[in-house]
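Asks: Each position in the sequence shown, counted from 1, maps to that position plus 1446 in my numbering.
Since the hints were derived computationally from the structure, they do not count as laboratory data.
There's no promise every hint is true.
Said to hold, decoys possible - Result set (EDC-like, lysine to aspartate or glutamate): computed pairs, CA atoms no more than 16 Å apart in a straight line:
id : residue 1 : residue 2
1  : K1643     : D1620
2  : K1643     : E1623
3  : K1643     : E1668
Every value quoted in this text rests on a predicted model; they were computed, and no experiment measured them.
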Amino acid sequence: VRTVASRLGLTAPVRIGSRVLRNRRSDGNSHRRQPRPGAPAGPNRRGVIQLDRRASRDAIARHLAGPLGTDVETAARGVIEVVNSNMVGAIRVLTTQKGLDPGDYVLIAVGGAGPLHAAEVGRLLGCSRIVIPPTPGVHSTIGLLESPLRRVFVSSHVELLRACNSAVLEGVFDRLEAQAQLWFEEEGVRPRARRIKRYASVHFLDQTGDILVPWGGAAALETSLRQAHGDLFGYVPENLPGEILGLRIVAMAAAAASSGIVQIAVQATPGEPFDVDPQSRRGSETVEVFQRQD
């Protein structure tokens, strides 16, 4: 899996009614009727953000077409071609320049505007297969909601292992677990769904790195350190005392039951047709558009 972020998908301040009259990629897409006219850009605190295609056209005319001496349609298409070229270049850094053929991969379009560029980017890369997920703009959100909850709580405690007092260390763990329980409460995690694991960060004296070992009591730390060091590095230092650097707990909880991911319709009928300017210099044409939720 190769992931590429173009970093060119800035929200268009013009087409959503901002006072800042500087066009962006989204204005080029909006002028070319991508997405469809009347489609909302998304929600905000006041309701739904509506697209303003006229504002996009005016901004492109003022800041691009006029200075370049060309028409608005050509300027808008040029914006998208530059963006697509940059995306292709970014993908080639992670594929072609590493000896990989992009045509061997399936191009998956994510992000709010990814699907608008996927077909042309795929064509330029030689990708014969492109996947448009049902909800490409909220993949990170879905992943966050579907993933288990997890948070780490850490406390520094530097001491030679041979001097460690188990009761003192247990007290540190108790304080960390109290913090974790407060976090569970804030997250609304039921008591029986809560999981906590204890670890100690240890190393041999004068080493710069550390090893995380499961907590089995202060008396077991020396053995755990030697075993872990041998497994990781193939040897165990002789005549070096072990040292503890800190304690940590990992608080976990399974994700809440999903309310259901958007399902793709097996069969669908075309929606209402509208004009769209495809990635071509031959002009515009009317195409059938299928809504994934239909």
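Asks: Run every hint past the structure and note whether it holds.
Replies: Status of the hints after comparison with the structure:
1. Annotation: proposed proximity of K1643 to D1620 holds, straight-line Cα distance about 12 Å (limit 16 Å).
2. Note on K1643 and E1623: the hinted pairing holds, with a Cα-Cα distance of about 10 Å set against a maximum of 16 Å.
3. At roughly 19 Å between alpha-carbon atoms, K1643 and E1668 are farther apart than 16 Å, so this suggested pair is violated.
When each numbered hint is compared with the structure, a violation occurs for hint 3 only.
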